[in-house]
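Chemist: 1 is the number of the first residue of the sequence shown in full-length UniProt numbering; add one for each residue after it.
These are calculated hints, taken from the structure and not from any lab test. Small disclaimer: the values here were computed from a predicted structure and weren't measured. Among the hints, a few may not be true.
Pairs of lysine-lysine, DSS-like flavour, derived with a Cα cap of 25 Å [as the list claims (entries may be wrong)]:
1. 31 with 63
2. 23 with 1
3. 63 with 80
4. 20 with 1
5. 31 with 91
6. 23 with 63
7. 1 with 24
8. 63 with 91
9. 24 with 63
10. 88 with 31
11. 80 with 91
12. 88 with 63
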Amino acid sequence: KLQHWVYSEQEREEVMRNLKGAKKVEVQRYKGLGEMSAEQLWETTMNPATRTLLTVSIDDAAKTDQIFHMLMGGEVPPRKAFIQAHAKSVKNLDI
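Generate coordinates for the entire structure from the input sequences, incorporating the hints supplied.
Modeler: Right, dumping it as structure tokens:
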């Protein structure tokens, strides 16, 4: 079984083009590290020889915190209102 790890849509599309004609291609996505097996976690995230480290910075910490809690918090009405207000402008939805 061949595995290809990709980190962008562009990389995924390139791998899919290269696999054209393959009998069975399965695409799997992870929302969080807890969904991965220990072996997958080592291969993609923990192994210093193969992992990718990125610096993440926040320009407006207060606004980021507000949005994060609105999207991930326990109060449903603000999240529902946000989704309804922005649903038609979504460009990339992964279900």
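Chemist: Taking 25 Å as the top limit, are the C-alpha atoms of residue 88 and residue 63 close enough?
Modeler: With a Cα-Cα distance of about 23 Å, the restraint between residue 88 and residue 63 holds, given a limit of 25 Å.
Chemist: Quickly compare the C-alpha distance for residue 20 and residue 1 to 25 Å and report which way the hint goes.
Modeler: 16 Å, holds
Chemist: Would the hint linking residue 23 and residue 63 be met if the CA-CA limit is 25 Å?
Modeler: Violated, at roughly 47 Å.
Chemist: Hinted pair, alpha-carbon criterion (25 Å max): residue 63, residue 91. Please report holds or violated.
Modeler: Holds - the C-alpha atoms of residue 91 and residue 63 are around 22 Å apart, at most 25 Å.
Chemist: Between residue 24 and residue 63, does the CA-CA distance stay at or below 25 Å?
Modeler: 44 Å, violated
Chemist: Taking 25 Å as the top limit, are the C-alpha atoms of residue 88 and residue 31 close enough?
Modeler: Holds, at about 23 Å.
Chemist: Assess, step by step, whether the Cα of residue 80 is no farther than 25 Å from the Cα of residue 91, and give holds or violated.
Modeler: 18 Å, holds
Chemist: Straight-line Cα separation of residue 31 and residue 91 no greater than 25 Å?
Modeler: 18 Å, holds
Chemist: Holds or violated: residue 31 and residue 63, Cα atoms, limit 25 Å.
Modeler: 23 Å, holds
Chemist: Regarding the pair residue 1 and residue 24, is the alpha-carbon distance no greater than 25 Å?
Modeler: 10 Å, holds
Chemist: Verify the proposed pairing of residue 23 with residue 1, using a straight-line Cα cut of 25 Å.
Modeler: Holds. Residue 23 to residue 1 sits at ~12 Å (cutoff 25 Å).
Chemist: Holds or violated: are the alpha carbons of residue 63 and residue 80 at most 25 Å from each other?
Modeler: 18 Å, holds
In this structure, the hints that do not hold are numbers 6 and 9, in rising order.
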